[in-house]
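What follows is the residue order along each chain.
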Amino acid sequence: QQANITMWGLLDVSLKSVSTGGVSATQMATDGMQNSRLGFRVEEDLGSGLRAGAWLEMAPVADTGAMYPSGKLWHRRSTVSLYTGAGELRLGRDLNPTFYNLAVFDPFSAVGVGASFNLVTNLGSGAATLLRTDNAVSYNLPANQGGWYGQVQVAPGEGVAGNRYGGARIGYQSGPWNAAVAYAHTGTATSTPFKLMNAGLSYDAGVAKVMLLLNGAQYGALKQTSWQLGVTVPVGLGLIKASYQHANASGAGTDANDANQAALGYVYNLSKRTALYGTYSHLSNSGKASFKVGTPPGAVAGANSRGVEIGIMHAF
Amino acid sequence: QQANITMWGLLDVSLKSVSTGGVSATQMATDGMQNSRLGFRVEEDLGSGLRAGAWLEMAPVADTGAMYPSGKLWHRRSTVSLYTGAGELRLGRDLNPTFYNLAVFDPFSAVGVGASFNLVTNLGSGAATLLRTDNAVSYNLPANQGGWYGQVQVAPGEGVAGNRYGGARIGYQSGPWNAAVAYAHTGTATSTPFKLMNAGLSYDAGVAKVMLLLNGAQYGALKQTSWQLGVTVPVGLGLIKASYQHANASGAGTDANDANQAALGYVYNLSKRTALYGTYSHLSNSGKASFKVGTPPGAVAGANSRGVEIGIMHAF
Amino acid sequence: QQANITMWGLLDVSLKSVSTGGVSATQMATDGMQNSRLGFRVEEDLGSGLRAGAWLEMAPVADTGAMYPSGKLWHRRSTVSLYTGAGELRLGRDLNPTFYNLAVFDPFSAVGVGASFNLVTNLGSGAATLLRTDNAVSYNLPANQGGWYGQVQVAPGEGVAGNRYGGARIGYQSGPWNAAVAYAHTGTATSTPFKLMNAGLSYDAGVAKVMLLLNGAQYGALKQTSWQLGVTVPVGLGLIKASYQHANASGAGTDANDANQAALGYVYNLSKRTALYGTYSHLSNSGKASFKVGTPPGAVAGANSRGVEIGIMHAF
Numbered sequence: 008q009q010a011n012i013t014m015w016g017l018l019d020v021s022l023k024s025v026s027t028g029g030v031s032a033t034q035m036a037t038d039g040m041q042n043s044r045l046g047f048r049v050e051e052d053l054g055s056g057l058r059a060g061a062w063l064e065m066a067p068v069a070d071t072g073a074m075y076p077s078g079k080l081w082h083r084r085s086t087v088s089l090y091t092g093a094g095e096l097r098l099g100r101d102l103n104p105t106f107y108n109l110a111v112f113d114p115f116s117a118v119g120v121g122a123s124f125n126l127v128t129n130l131g132s133g134a135a136t137l138l139r140t141d142n143a144v145s146y147n148l149p150a151n152q153g154g155w156y157g158q159v160q161v162a163p164g165e166g167v168a169g170n171r172y173g174g175a176r177i178g179y180q181s182g183p184w185n186a187a188v189a190y191a192h193t194g195t196a197t198s199t200p201f202k203l204m205n206a207g208l209s210y211d212a213g214v215a216k217v218m219l220l221l222n223g224a225q226y227g228a229l230k231q232t233s234w235q236l237g238v239t240v241p242v243g244l245g246l247i248k249a250s251y252q253h254a255n256a257s258g259a260g261t262d263a264n265d266a267n268q269a270a271l272g273y274v275y276n277l278s279k280r281t282a283l284y285g286t287y288s289h290l291s292n293s294g295k296a297s298f299k300v301g302t303p304p305g306a307v308a309g310a311n312s313r314g315v316e317i318g319i320m321h322a323f
Numbered sequence: 008q009q010a011n012i013t014m015w016g017l018l019d020v021s022l023k024s025v026s027t028g029g030v031s032a033t034q035m036a037t038d039g040m041q042n043s044r045l046g047f048r049v050e051e052d053l054g055s056g057l058r059a060g061a062w063l064e065m066a067p068v069a070d071t072g073a074m075y076p077s078g079k080l081w082h083r084r085s086t087v088s089l090y091t092g093a094g095e096l097r098l099g100r101d102l103n104p105t106f107y108n109l110a111v112f113d114p115f116s117a118v119g120v121g122a123s124f125n126l127v128t129n130l131g132s133g134a135a136t137l138l139r140t141d142n143a144v145s146y147n148l149p150a151n152q153g154g155w156y157g158q159v160q161v162a163p164g165e166g167v168a169g170n171r172y173g174g175a176r177i178g179y180q181s182g183p184w185n186a187a188v189a190y191a192h193t194g195t196a197t198s199t200p201f202k203l204m205n206a207g208l209s210y211d212a213g214v215a216k217v218m219l220l221l222n223g224a225q226y227g228a229l230k231q232t233s234w235q236l237g238v239t240v241p242v243g244l245g246l247i248k249a250s251y252q253h254a255n256a257s258g259a260g261t262d263a264n265d266a267n268q269a270a271l272g273y274v275y276n277l278s279k280r281t282a283l284y285g286t287y288s289h290l291s292n293s294g295k296a297s298f299k300v301g302t303p304p305g306a307v308a309g310a311n312s313r314g315v316e317i318g319i320m321h322a323f
Numbered sequence: 008q009q010a011n012i013t014m015w016g017l018l019d020v021s022l023k024s025v026s027t028g029g030v031s032a033t034q035m036a037t038d039g040m041q042n043s044r045l046g047f048r049v050e051e052d053l054g055s056g057l058r059a060g061a062w063l064e065m066a067p068v069a070d071t072g073a074m075y076p077s078g079k080l081w082h083r084r085s086t087v088s089l090y091t092g093a094g095e096l097r098l099g100r101d102l103n104p105t106f107y108n109l110a111v112f113d114p115f116s117a118v119g120v121g122a123s124f125n126l127v128t129n130l131g132s133g134a135a136t137l138l139r140t141d142n143a144v145s146y147n148l149p150a151n152q153g154g155w156y157g158q159v160q161v162a163p164g165e166g167v168a169g170n171r172y173g174g175a176r177i178g179y180q181s182g183p184w185n186a187a188v189a190y191a192h193t194g195t196a197t198s199t200p201f202k203l204m205n206a207g208l209s210y211d212a213g214v215a216k217v218m219l220l221l222n223g224a225q226y227g228a229l230k231q232t233s234w235q236l237g238v239t240v241p242v243g244l245g246l247i248k249a250s251y252q253h254a255n256a257s258g259a260g261t262d263a264n265d266a267n268q269a270a271l272g273y274v275y276n277l278s279k280r281t282a283l284y285g286t287y288s289h290l291s292n293s294g295k296a297s298f299k300v301g302t303p304p305g306a307v308a309g310a311n312s313r314g315v316e317i318g319i320m321h322a323f
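Protein chains in written order, with the numbering used here: chain A, 8 to 323; chain B, 8 to 323; chain C, 8 to 323.
It is worth saying that the hints were derived from the structure and are not from the lab.
Any given hint might turn out to be false.
Which copy? The list can't say, so a pair holds if one copy fits it or any two copies do.
To be verified - Result set (EDC-like, lysine to aspartate or glutamate): computed pairs, CA atoms no more than 20 Å apart in a straight line:
no.	residue 1	residue 2
1	K230	D265
2	K279	E50
3	K79	E64
4	K295	D262
5	K216	D262
6	K295	D265
7	K279	D52
8	K202	D265
9	K295	E64
10	K202	D262
11	K230	D262
12	K79	E165
13	K295	E95
14	K79	D265
15	K79	D52
Produce the complete structure using the sequences and hints provided.
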């Protein structure tokens, strides 16, 4: 190879059982602890403090060998970057600013039956930007800014309602503390935009790391606000994870549609790259709320949903 | 790359002419001698006799650049493994136990116009488990068991009729001898399961290797049993292959639907990784049997099918 | 890896604005200067002057992470080769002989809003062979033939009208001069074939390289002939590109459907592998001609089309 291409990956396969509204399904699943991936990336030093980079990353469905259901071969990331002393200009498909807090300040990293992400909603707005954005122009702050980090991302919808995105995130990390806020605005098929904002705070005391995550979504009169308290406790080669989340819906007759989720997990690290894990999560819906810890089975309005999964994750 | 990723592949392209029921088609084809592939795999030593591994393998359609018709990006294999002194636990999509004998004890390795697999049938049961299984939990015996090898595989159907599989294989290899038996049970859309069982025996005398393959399928009253005699003869850098197979159908008015196949092939090894090959196969259908040595053209009940292909295989 | 696999790639992302018939669209686009790719190839020395090779090359859509719209995973190339002292036998999907001149003698290499290819047409014949061919058997002259180079390619249609191709190209390069001619014949759904022929000539004077490209297409009574004059001028680390093309339609009432394109571009090389670029192109249609410099928006008969794009290309 002409350039020094870095290739890496991760496969995560689990046995998962979910029960929602009295219907149960047990299956082999994937991505219970971390999302499966296979990537190729490269960086070139252009001199004068400039660097160029390219990044292509797939999302294999490890249990069936399928391409990711999005149908995008490079589902996770496809970007070209230009790095300068003043930051990184990044072009292409990528995670967006408002997603990061939902993963960083969640003990379950927004993955699996215990993910805080289970209660995140676009409020029926059709916004397709809860995780990733296509055609994005991103600017990322350079490293080593005295603890500050941040990013801005703008993406045209290119004719697809729900894809037009503008968002930003700024954070500060110092010693055991980490805090960040993010805001985004997504165009929809109506004249009303979908807005998402969130904030996270964590403190790592060594014997335990505690996290607070706040998230708010708005689509016209429809609103949802949620808070989550999370904790991770290292025990020898293992890590205990726990979280409790409450989501409060309001507006347009949805005030009763609240939901709660409590999750408990354990990771046993066989090495830095390989782990066994187990997670249990219980989600209760009020009113007509229809959140779920996973599929199948499908969501049922007002019913509880609970799930358990045990799996193995191998990164390379 | 963080881990030591092994990348490998194989492309096999041929010119193939098939005539079935008087209709002929000549085309550029692929996978006449071995199946094309591109794979990525990794293993990690976890200490204490434990190892972890991941395996992702695609099936390029070499003559057109297409993805495999299954639509699965990682059509050939997508698994995570944990190896212990007591064997390997493997999770994901993979070949299943009942397929192995059909390849190992066939001079044509279940590939191309001469494949024993041309006469293998699911008897219209809808079972999709003649080769591979999704969502499979497999246990493989460790190496060096005094000649014994074996595997067990269980897979939930996950709501898809014809995907629910349970099967096992056990074999013994010693000096020139190799023998194995396998059995599997696949759920179908009806209350009747599809059952497949097969056995193989081979003896490698040096100047020639002879093989016997027995295969039996049952779906309620419908049955098919077949036997195949095969031989491979090394001649300098080349290898002559020949096989004769007879398949006997019975039950539910299918008793007359028997079929025979005779195949002759030659492989000329340009190196350990590159070969030229040619294969001729003749298949005769009785009654309403509609087997074929390849497509196009489509199968014709009761008609003969014959094919010839010459190709090049390059492994890397 | 058993063999010495070469992995390489290129990502090209741009901001593109196209206006056609008074309708404008601005978007993040891809492949403005070079086509994005990710490839795997290998060669093996078989001794006695023989070599074998395999080549698999994808076409990532860099701005969205999608697979190429053709739906072919290995869209760019999928071939097995056998190299002898008398030339290369190549089997599979590949560029075809009549495409090369359209890229080699175009300052814009047949890519982006300024591509000569914008005026190339199959005259509505349904021929799908303007760039690549599936199931192709190709013969390429060996290197070092005293300046001569050439190739022949034959491909069966395999039942798909517009895919049956036979073509050849021969060229001569000596010092600053390079010249080549190509001809191809493609089967269509009617009894009338589509014929394409082209020729190119270039002279590299060091301070500038000038190029002439002639292209002719015929489908029964329908004809199109075009000529293009191109020039590239290196300026320090940069390269200025300019071209002017005239396409003349004739036959079956299409005599008035002519078109012209003028394009100007600048490439600034940040390194041998990384470049920033900008291109402007203006295309005018006469009569009912409906060529365009890019999409969206769609083509409009008789209307002008112009486009500008700025982008970054990183090869690895």
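Hint check:
1. With identical chains, the CA atoms of K230 and D265 are at most 20 Å apart within one copy only, with a shortest distance of 11 Å there and 57 Å across copies.
2. Taking the shortest Cα distances, K279 and E50 sit within 20 Å of each other only across copies (13 Å), while inside one copy they are farther apart (25 Å).
3. In this homomeric assembly, K79 and E64 come within 20 Å of each other (Cα to Cα) both inside a single copy, at 10 Å, and across copies, at 17 Å.
4. In the homo-oligomer, the alpha carbons of K295 and D262 lie at most 20 Å apart inside one protomer (10 Å), although the nearest pairing across protomers, at 59 Å, exceeds that limit.
5. Taking the closest pair of Cα atoms, K216 and D262 never come within 20 Å of each other, the shortest separation being 33 Å inside a single copy and 71 Å across copies.
6. Proximity of K295 to D265 under the C-alpha cut-off of 20 Å is restricted to the intra-copy arrangement: shortest distance 8 Å within a copy versus 60 Å between copies.
7. Only between protomers do K279 and D52 lie at most 20 Å apart by alpha-carbon distance; the minimum there is 11 Å, versus 29 Å within a single protomer.
8. In the homo-oligomer, the alpha carbons of K202 and D265 lie at most 20 Å apart inside one protomer (19 Å), although the nearest pairing across protomers, at 50 Å, exceeds that limit.
9. When the C-alpha separation of K295 and E64 is checked against a cutoff of 20 Å, the pair qualifies neither within a copy, at 38 Å, nor between copies, at 44 Å.
10. Taking identical chains as interchangeable, the C-alpha atoms of K202 and D262 lie at most 20 Å apart only when both belong to the same chain, with a minimum of 18 Å there against 55 Å between chains.
11. For the homomeric pair K230 and D262, the shortest alpha-carbon distance inside one copy (9 Å) is at most 20 Å, but the shortest distance between copies (62 Å) is not.
12. Proximity of K79 and E165 under a CA criterion of 20 Å is satisfied intra-copy only: 17 Å inside one chain copy versus 24 Å between copies.
13. Taking the closest pair of Cα atoms, K295 and E95 never come within 20 Å of each other, the shortest separation being 44 Å inside a single copy and 46 Å across copies.
14. With identical chains, the CA atoms of K79 and D265 are never at most 20 Å apart, being 33 Å at best within one copy and 39 Å at best between copies.
15. Neither within a single protomer nor between protomers do K79 and D52 lie at most 20 Å apart by alpha-carbon distance, with minima of 30 Å and 33 Å respectively.
Checked against the numbered hints listed earlier, the structure breaks hints 5, 9, 13, 14, 15; every other hint is satisfied.
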